[in-house]
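Q: As a plain string of letters, each chain reads:
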Amino acid sequence: MKDLLNDWGLTAATFLPVVGAVVMMVIPRAEETLHKLVALLTTLAVLAVGVALIASFDFDRTRTLQYVVDRSWIDVINSRYIVGVDGIALPLLALTVLIVPLVVIYSWNHFPEPHNPKAFLILILILETGMVGTFVAQDLILFFVFFEVVLLPMYFMIGVWGGEARQYAAIKFFLYTLFGSALMLVSFLAVYFLSPEVDVGGTMRHTFSMIELSDWAGAGLASTTALFVFGGMFMGFGVKVPIFPFHTWLPDAHTQAPTQGSVILAAVLLKLGTYGFVRIAIPILPEAAERWAPWIGLLAVIGIIYGALGCLAQTDMKRLIAFSSVAHMGYVMLGISTLTTFGINAAIFGMVAHGLITGMLFFVAGSVKDRYHTLEIKRLGGMLLQAPRLGWVLAFSCMASLGLPGLAGFWGEFPAILSAYNPAAGLNPAVYRTYMVVAAIGTILAAGYLLWLLQRVAFGTPREEFVGDDHDHGHGHDQAHALGQGDRTGSHALGHARIHDMHLTDYLAWAPMLLLIVALGVYPNLIFRVTDGAVVNSLTALGR
Amino acid sequence: MLSHVWIIPALPALSFVLILAFGKRLPRGGSEIGIAAVAIAFVLACGTGVGWIQRVNHPPAAHEAPAAEHEEPAAGGHEEPAAAEKGEEPAAAGHEEPAAAEEGEESTAAEEGEEHHVTPPVVRGTTWLQSGGTKVEVGTMLDGLSAVMLLVVTLVSLLVHVYSTEYVAGDRRYTHFFAFLSLFTASMLFFVLSKTTLQMIVGWELVGLCSFVLIGHWWEEKPNSDAALKAFLTNRVGDVGLLVGVSILFFAAGGTFDIIGINEMANTGEIRHLLLLVASCSLMAAVMSKSGQFILHTWLPDAMAGPTPVSALIHAATMVVAGIYLIARLYSVFWHGFQIGESTINLMAVIGAVTVVFGALLAFVQNDIKKVLAYSTISQLGYMVMALGVGAWTAAIFHLFTHAFFKACLFLGAGSLSHAVHSFDMKQDMGGMRRFMPRTYWTFMIGTGALMGIPPLAGFWSKDEILAGASGLGGEGGYKLMLVMGTIGAFCTCAYMSRVLWYVFWGEPRGAAALHTPHESGPRIVIPLVILAALGAVAGFANLPSFAGESIALRFEHYVEPTAAYFPGGLDAAFRHPEFTLWIAVVSTVVGILGIGLAYLWFWRGAGPHGITERSRPARAGYRLLENRYYLDHLYTGVIAGGTKGPVARAANWVNQNVIDGLVNLVARGTRGSGQWVYTHIDQGVVDTLVNGSGATAEGSGQLLRRQQTGKVQSYGAYLFAGATILAAVFVFIASTS
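Heads up: the sequence lines are chains A and B, in that order.
Going by this note's numbering, the first sequence opens with residue 1, and the numbers climb by one from there.
Going by this note's numbering, the second sequence opens with residue 1, and the numbers climb by one from there.
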């Protein structure tokens, strides 16, 4: 069993979704329930593989790659099929394999127009392959392929199942990311040609192996060249994160994407970029990273403030959440830009936390849209009265998102701020301390826009247009039970029957995320313990 | 026992979860779980207090240290808290301080108050997170300070729980209310038991969350949710200081959050003074917001929108003293940062002194009884900060201790009154209440007397100790300004509380009080009042001045003030204790009585220049200034918050868009002819003019047909790879020539 897992575990996690997709392709389109079942079983199987991988992961050796498989792939350019996970990749892999089945569960009765569960679920499965593959790939070309595989399904998801301006948003998402990827590919090729040849089966050849390249760590590379090469990667990963000022595709993509697309986008896709920095850019080109770092840090803190101000200016709930991603990813990038273990550990924690929390917020936004058919903040109100549980989930997610200690968001945010006080040797502390203060001020704004959102959406009383009967307007308050336990009858008595509270699929899909947000918040070492060794390892080249 | 204090916060935390899960199905809506949990916590806290007293009386010698207790050696210079946690090292504090160690050895036998006992705190921790091999711990630290906080929090919380079963009976969110009372209690206990500064941040913000939720308990009405938001956001402003201050101390102390470690390093001078100063100033911002110090106090009066038991528990007795506790816990940092021992004026003392007077003045113009009490709380918190600022550590904690009882008594009394008349407006709906509600009246009178500082009630002893500290401590000449401000504060306190008594209990019933005869509240309201009033009357005897005789004098100081090396006392010659000074006690009492007398003349006798605000322009201006609360709310809500939300957010968007737009246009002009504003939505068409253009072209090309799109995507892919190859070739060329 252990051997099977070692040899096939990661490959199975990566390609099982494709198998599921192929099966679904031969099933007629009308068999909707069957499609849902196949998709669910496939993603659950991937989750099971993921759990098995975590269970037999050696947590005493998080710094080394485990489950490594190294096979010949494109021999002509010596690009190999190398997969493996260490402490950096594992939390993100876990996040991915968890989120996708939850999205499938949520979708059960919530397929956006034009419906067609078959195509929709196939896209999600292909997406999963791309995401898992990106996190396990240890070869630059393999990484690039998976990185790009993600684009197409998401493109169709937005473009076909999206909102009114879906075509525009989809093209924008696609082109912008592709633009970054092009430069990234250039950098990969440059790294390939500029790095020394290594011994492959007796002959000396160039390599795309991230393991070999990290060992090389840019030694002997002219510093200008290294700067350019890093710049290419910066564009590729930076657009994906997205780093200010390359973020403008994000609000459009999120706003137009169907709920499921938004959740996957926020929860996993944005992390591909930050993961790229931690996994590829910094270990392979540490010196260039050091020169770039203050600028990345600057863009990060601008993003924090800019994103927050952008949130304050929004009138659409989903767009506000999208902008908040810009601010949150700013904290992640600030942590990364310190090039310290504390900062990068915090960044990885921040990625997972942001994935869960913002994913959750998008779920809630999707449910609000389902029920109210609008996300216009000023038309909403009193959700805690009409759909109390949904309202409480929103309140919880907002609190988590603003970085409340005891919930996951805090452990990505505060350590990142903390680490900026004392960045890696070679970085100017005065600059970073300024960043620290700015980032800390960003937490006020974060609380501002999230609580303001909460106040307008959940507090107060519902608007006229969303109140069904009108015979009990006057005494409605006194009967309402806000907490929601056994509230069904209360809602009916209030005439709020039009707004349904959480469905069964909501409970199933959200409970794991909510529990994880609490668990990670209460005991952050769940992730820090995993990432620490690998992060230390990824920074070893920096001291040289 | 003392190493298992983690059970005390765990109980209400468990109760929170249970109430949320099952509360609604229980006959009493979950309140029974909350009361049971807090009651047990209170009993355990008492046990802890007794255990601590025994520990002070019989400090453990090194070899006697029980294995379960991880003693924190007081020897300075441990950068690695884990290394210091072995528990095998000699536990007697002052290891490197021969004099102190000597006394520590003798202290088992010696019981005199004069003797310098060294009682190491009981510390216990476990790894919370790790980074770069450094482990950050979460755990408990028990010493006199945390023990006394445990007692105060659990006792007041228990009484408030009991009180609430009647006060919020029938409320639409009864279960929810008790759930969050439990969560608050747990968070507060977690906070006071903090072993690390990181843990303090967590507790600090969690109590803030509970404050937010409970202020906004009736969130259907916008003013309530506004008040809740204001409280949270104002505290967030201060939290920036907390985050920055903790970060500075973390690195200044060589990478540790450990409270004892940081304090010891501050004491031994291993941290540069500048760092301590900056950290102290940053932390002061946090204190100002949480503990309602001028100018970040504005949220506290608004917080009275919450239910009255919440005001008593959170916004008077416990949460708002978190700032005081923070200073007290990290006192070595502030002591050396502000050079409290040598100076005659410093930031902390000034903030406290200003708050004492400015808060008290605002209390004069309030008609809402809870608002008077809120400003009174602000003013009293000012006394505590001032006391810490002048070096009177014990006086501050002692005042915190007494204030918790009498102010909770007053708030709950106000709640009892409003329970009868359904209003908090003293001018409109009260008057002559002493006839209808005798028990509320008497307990309120005792609480008022204690607040005024009438001897021998509790407030007299603690306030006097603060004033004595202001006059006697510090550098040459002492903190004279603070003495003056404190005395003025005493005068104001007496006067505005007399005004409250007049409006509430004397005169003829008005408004609601006249319409239907109010009646005394039930036992679940009255009993907590009586207990708190009794404590307000006698709590002052806990720290009688030294003339009372050695066996009963200065007990509070003896048991609460830390003696180990993480506290400046005993190590720094400048650290002294205030001596009871007769003339200060007499003067402050006389001044207070003068305040009562003037109020008596004004209200009861109708004497004095009534109507002066209509006749005199300066008087009117002064009144307007107070009525508008120094215009701070206008500044914060209107100018700062409104400005950020509105113009600044929009302008920042605009500027960002246009600045970047210029750059992008430059690039875009080469590839496309026009950079038009296609889409005028916020954050549109700026950075992405280039993308806009392509998007528009694509959109114009027709409907989204999948095949067509796929074709397009493929050609993009082809371009991409072609471009990439060319660029790569260029790169290789550059690289090979450079």
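One should not assume that every hint holds.
As the list claims (entries may be wrong) - DSS-like mimics (lysine-lysine), calculated; alpha carbons at most 27 angstroms apart, straight line:
(1) K480(B) with K378(A)
(2) K378(A) with K135(B)
(3) K645(B) with K369(A)
(4) K480(B) with K369(A)
To be verified - Cβ pair distances, simulated, as ranges:
(5) T505(A) with P438(B): 42 to 50 angstroms
(6) E579(B) with P429(A): 40 to 48 angstroms
(7) H503(A) with Y630(B): 48 to 56 angstroms
Source of the hints: derived by calculation from the structure; they are not laboratory data.
Glycine included, each C-beta is placed from N, C-alpha and C at the ideal position.
Q: It remains to establish, for every hint, whether it holds in the given structure.
A: Verification of the supplied hints:
1. K480(B) with K378(A): violated (55 angstroms)
2. K378(A) with K135(B): violated (47 angstroms)
3. K645(B) with K369(A): Distance ~25 angstroms between K645(B) and K369(A) Cα, so the pair holds.
4. K480(B) with K369(A): Between K480(B) and K369(A) the Cα gap is close to 63 angstroms, so the pair fails against 27 angstroms, i.e. violated.
5. T505(A) with P438(B): 42 to 50 angstroms: violated (60 angstroms)
6. E579(B) with P429(A): 40 to 48 angstroms: This hint holds: roughly 46 angstroms between Cβ atoms.
7. H503(A) with Y630(B): 48 to 56 angstroms: holds (51 angstroms)
In terms of the numbered hints stated before, the structure departs from hints 1, 2, 4 and 5, listed from lowest to highest.
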